[in-house]
Every structure is written in C-alpha cells, then in structure tokens.
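A.B. asks: Here is what each chain is made of, one letter per residue.
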Amino acid sequence: MSDGVLDIEGIEINLLLEAIFQRYGYDFRDYARASVERRLAQFLADSGCGTFSEVTARVLREPQFFHQVVPYFSISVTSLFRDPFIYLALREKVVPLLRTWPHFKVWHAGCATGEEVYSMAIMLREEGIFERARLYATDISQPALETGKTGIYPLDILKKGSAAYQKAGGRGSLSDHYHARYEAAVMDAAFARQITFARHNLAMDKSFGEMQMIVCRNVLIYFNQDLQNLVLQLFLESLDHGGFLCLGDKETLTFSSVADSFVAVDEKARIYKKRVRR
Amino acid sequence: MTLMDLPGCERDIRAVAIGGSAGASGVLREILAGLTRAFPAPIAVVQHLHPDDRGLLVENLGRAMRIPVVEVQDKMPARPGQVHVAPADYHMMVERDGAFALSVDDPVQWSRPSLDVFFLSAAKVWRSGLLAIVLSGANEDGAAGLRAVRLRGGMAVVQDPATARFPKMPLAAMTQAGLGGGMSPGQIAVLLERLERRGRSGRSG
Ligand SMILES: C[S@@+](CC[C@H](N)C(=O)[O-])C[C@H]1O[C@@H](n2cnc3c(N)ncnc32)[C@H](O)[C@@H]1O
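If you're matching them up, the sequences are chains A and B in order. Sequential numbering from 1 applies to the first sequence in the working numbering. Sequential numbering from 1 applies to the second sequence in the working numbering.
Be careful, since some hints might not be right.
[To be verified] Straight-line alpha carbon distances no greater than 25 Å define the calculated SDA-like cross-link-like pairs of lysine to any residue that follow:
| id | chain 1 | residue 1 | chain 2 | residue 2 |
| --- | --- | --- | --- | --- |
| 1 | A | 268 | B | 99 |
| 2 | A | 268 | B | 109 |
| 3 | A | 268 | B | 161 |
| 4 | A | 93 | B | 108 |
| 5 | A | 273 | A | 149 |
| 6 | A | 149 | B | 105 |
| 7 | A | 268 | B | 77 |
| 8 | A | 268 | B | 89 |
[Claimed, not checked] Computed beta-carbon distance windows for the label pairs:
| id | chain 1 | residue 1 | chain 2 | residue 2 | range |
| --- | --- | --- | --- | --- | --- |
| 9 | B | 98 | A | 155 | 41 to 49 Å |
| 10 | A | 194 | B | 12 | 54 to 62 Å |
| 11 | A | 167 | B | 138 | 37 to 45 Å |
| 12 | B | 26 | A | 233 | 41 to 49 Å |
| 13 | B | 138 | A | 255 | 42 to 50 Å |
| 14 | B | 200 | A | 240 | 49 to 57 Å |
| 15 | A | 240 | B | 52 | 30 to 38 Å |
| 16 | A | 154 | B | 97 | 39 to 47 Å |
| 17 | B | 200 | A | 255 | 24 to 32 Å |
| 18 | B | 181 | A | 166 | 45 to 53 Å |
| 19 | A | 156 | B | 197 | 50 to 58 Å |
| 20 | A | 50 | B | 77 | 32 to 40 Å |
| 21 | A | 88 | B | 97 | 47 to 55 Å |
| 22 | A | 93 | B | 12 | 46 to 54 Å |
These are calculated hints, taken from the structure and not from any lab test. The C-beta atom is built at its ideal place from N, Cα and C for all residues, glycine as well.
Between the sequences and the hints, there should be enough to build the whole structure, so can you do that?
C.D. replies: Quick look at the structure:
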C-alpha cells in the first residue's frame, strides 16, 4: 500500500460526501474526518462494495442504498444519567438559578434515544421544578427520536441506569419514574406533556427558539472545529442572557471561537453560562 | 534483536503512540521516566482503563514523570514534549491537522479506548513518521493497528512477550505486524531517551 493509493481513498471519501450532499441535502462534509473514515470503512465492509467510488455510484442512483448509509453517521450511543456527577453539579449550581425563572426551556440537541432527556426530567421533578420546564429533544436520527417519544426501554437499560441515578444524587428510586412491563419499562406518562421530540439537523437547521439551557453532549466530538464553531454560535444566539450550556465530559470551549462568550460554572462538569454583555 | 538493529532508528520520528492493557501501567512509567519536555515529538498513550476511571492514570503518571502528562480533550492539539493520554470510555483518534478527536462509538475488541482505532488513524496522519509501541495486555487489541502502522511505513515495536505480565497482546501484535521480536521495557526506555537526545542535538545543530 503506497501513500498514493491512500490519497485516492481520501479523494473518494470527499466525493462520496459531496454526492450525498448534492443528491440528498445531508451535509456530512464537516464531520470530524477520522470518525467519518472509520464509519465509512465499516459501511464499505458491510455493503459488499469494493471501493468508495462504487458506494458513491450506488448512493447517487439508489435512495434505498443511501438510507443504509445514513445510520452510520448517527450512531446513538447513550445511557440514563451518563456521567452521573454532572447531575450533582446541575442540582447544586444550576437548579437554584432555574428556580428564579417562572418558566424555562431546555434544549437537548443530539438527544439520541432520549435517555438524557428523561434523566434531566427526573432530576428536575425531584427538585420540584419540572412543571415549569419545557424540554425540547432534537436529533438528526428519526428512529432514535421514535424511541425517545415512546419512552419505552429494555429493562436492563433501567437496571444500569439505577446505579447511575443513585450516583447522580437521586432522592428516591429510579422506579418511581417508570412502569415495568415484562421485559420493558415505560417512562412515566406525565413526562410526555412537557417534552417535545423533533427532528433537527445541527449542521443545517436554524435556531430552535430562545432557551434558558442547552444540553449538547457527545455530539460536537463528531464535528470538525469549523462546524463546532458554527453550532456553538447557534447555541450562543439561542441562549437567553445568563443561560446555561452543558457539553460532554471531554468537550470544551477552549479550542472554539466562542470561548470568550461564556464563563465556566463548573469546568469539570462542562457547565457554562452565557456572559451578559453590556 | 539488539538496539542497533532497530529498523528506522535513524529516521525522523514525528509522533510516538503507545498502547497497553493489563500489566502495562508499570511498564509505561518505566519507559517514560527518562523523558522531559524536550522530547521532540508528541507522545500519545492509549491504555485500557475502567470506564469510570476519572483521570487517575493521568494523575499518577503526571506525579511520577518529568515530561508533562495531560488527559486528551476533543480537538486538543498534539504537542511535542507532552504525553497525551486517551480518556476512559472514549475512542481517541488524530486528525490530519494534528489535533486529537474523540468518539463514543461502540467498543472495538471489547475496548474503549481501543489501540486499533488510535493506531489506524495515527498511521494515516503520521505515516512513516510514527513509532508505535504495544505493551502488555490480555487481549488482541492493537494487533491490526500495529500492522496498519507498518503498512504505512511507520516503525512498530512490541514489548518482548517474555517480559510482559500478560503476553497475549504483544504476541498478537508481533505476529500480525510481522515482527521478528520484541524489546524489554529497559530497551524501549533507552530507545525513547535516544530519540530525545537526537531531537535535542538536532535542534542545536
Ligand atoms: C453519541 S450520541 C449522544 C447522545 C446523548 N447526548 C449523550 O451524550 O448520551 C450522538 C447523537 O448525535 C446525533 N447527531 C449526529 N449528527 C447530528 C446533527 N447534524 N444534528 C443533530 N444530531 C446529530 C446522532 O444521531 C446521535 O444520536
């Protein structure tokens, strides 16, 4: 394998991403390249195609084939109370400020199958302010959103979630918030009234309205720095003054273009607050 | 194999990637102990950790080493004279601009971070300028990655399985990458120290 051959593969991937964009309007061109290459290599192996050029040719002509590629760009790995300690930080440092708003909106951008949203809802309910909250849960993946909307999860997800719930400062038992049926659990129906699941593509779509808090965890890692900056700019514009931004455990504003527009509320928990400009 | 026979010892190393699993953290300490911030290339460490490990390895290494040790965050640039450790429960990769990238994609070889994932991306970016090292471990993660490193002209080293507490990982890597033998931790330490000295004289001369 010479370097020349490898460069060809790079060009082929550029052309494939361009083809997807021009033909279907999905823009993956500014996704983090190393992840894209990994996932496309997986797709290539699974698809039976020999080269990415072959994939491109089929993607252009066969919408069905294209719909087999899309899931490789929206892998929805998530869990209930992921990184439990952040909920401790939220309870201590954010909830007291949320209390001062008569109503507040939270946007979970890249919510995957919804576990993160229900975790937030449970925490807010225990803090007595869920009734004042409106939660918007968006993702690019329609199947993931469908799962979130039903609020039905396999019981072992709840079992694992239970330990995380305790570490997250849970006041009672996780089972206070769902009903077990055979091998599945249904989240308490009362949550649905305050939660809206909707499709939204962070790479292309506009603001979702003014928010008091935006939670976007483990999504930006899949974008390159340019796209990260664009999305962070969108968040900045969507946030109320003094609104909160929560990022993933290894995501930071340090390398972004909006670093100066936020102050850290809890750097370890990746909780930031929009600076109030004079 | 003696140190003198080491292939590629005279070439320019632009980055060092070290992977380990069970039985590797002591070895890591041993091979990094002699280095300082004058080391001429970035060093990346992918060590299998418990998913709940919150930077303990980084803390322990940082306390014991002279060379600075940091836990990688998304988009952090790879800096010469610094050890960059992959965080627990994330895959680590490197982009062509030399910045690290993370992902929470499914584990590979039951591991996240996975050596294979990092080595594959590092091989593409640093090509013949990469030195990749596989240490002790009880699974086969890293073998396919080390092979990719060699295919792209990089330099591949494994810990001599006879010196490893868990020889399975270096053995698999040795076989798949087509290496004739491994090096003891002491020899790897000497190799890295030599790279640092060469980098220093290169800069002054
Ligand atoms: C690893 S999951 C993170 C889930 C959750 N936030 C968490 O941290 O557990 C990443 C999610 O980002 C979504 N995603 C990827 N690209 C997106 C885009 N352009 N717009 C909106 N969501 C996107 C994927 O579909 C996936 O559900």
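A.B. asks: Now tell me if each hint is right for this structure.
C.D. replies: Hint check:
1. Taking the CA atoms of residue 268 of chain A and residue 99 of chain B, the gap is near 21 Å; set against the 25 Å cutoff, the hint holds.
2. Taken as a hint, the residue 268 of chain A and residue 109 of chain B pair is broken in the structure, with Cα atoms around 29 Å apart against an allowance of 25 Å.
3. Proposed proximity of residue 268 of chain A and residue 161 of chain B is contradicted: the alpha carbons are some 39 Å apart, above 25 Å.
4. Annotation: proposed proximity of residue 93 of chain A to residue 108 of chain B is violated, straight-line Cα distance about 37 Å (limit 25 Å).
5. A C-alpha spacing of about 29 Å is found between residue 273 of chain A and residue 149 of chain A, which places the hinted pair above 25 Å, so the restraint is violated.
6. Taken as a hint, the residue 149 of chain A and residue 105 of chain B pair is honoured in the structure, with Cα atoms around 23 Å apart against an allowance of 25 Å.
7. The suggested pairing of residue 268 of chain A with residue 77 of chain B holds, with an alpha-carbon distance near 20 Å, which does not exceed 25 Å.
8. Annotation: proposed proximity of residue 268 of chain A to residue 89 of chain B holds, straight-line Cα distance about 16 Å (limit 25 Å).
9. Between residue 98 of chain B and residue 155 of chain A the beta carbon distance is about 45 Å. The supplied range of 41 to 49 Å therefore holds.
10. The hinted window of 54 to 62 Å between residue 194 of chain A and residue 12 of chain B holds, with their beta carbons roughly 59 Å apart.
11. The hint said 37 to 45 Å for the Cβ distance between residue 167 of chain A and residue 138 of chain B, and at roughly 28 Å that hint is violated.
12. Taking 41 to 49 Å as the suggested C-beta distance range, the pair residue 26 of chain B and residue 233 of chain A conforms, at roughly 46 Å.
13. In this structure the hint that residue 138 of chain B and residue 255 of chain A lie 42 to 50 Å apart at CB is violated, the actual value being about 36 Å.
14. The given range of 49 to 57 Å is respected by residue 200 of chain B and residue 240 of chain A, whose C-beta atoms sit roughly 53 Å from each other.
15. Separated by about 34 Å at the C-beta atoms, residue 240 of chain A and residue 52 of chain B satisfy the suggested range of 30 to 38 Å.
16. With their beta carbons about 40 Å apart, residue 154 of chain A and residue 97 of chain B fall inside the hinted range of 39 to 47 Å.
17. At roughly 29 Å, the beta carbons of residue 200 of chain B and residue 255 of chain A sit within the given window of 24 to 32 Å.
18. For the pair residue 181 of chain B and residue 166 of chain A, the beta carbons lie near 50 Å from each other, so the given range of 45 to 53 Å is met.
19. Roughly 54 Å separates the CB atoms of residue 156 of chain A and residue 197 of chain B, a value that falls within the hinted 50 to 58 Å.
20. With their beta carbons about 36 Å apart, residue 50 of chain A and residue 77 of chain B fall inside the hinted range of 32 to 40 Å.
21. Range check, residue 88 of chain A to residue 97 of chain B: Cβ separation about 36 Å, and the 47 to 55 Å hint is violated.
22. The supplied range of 46 to 54 Å is met by residue 93 of chain A and residue 12 of chain B, whose beta-carbon atoms lie about 48 Å from each other.
Checked against the numbered hints above, the structure breaks hints 2, 3, 4, 5, 11, 13 and 21 and satisfies the rest.
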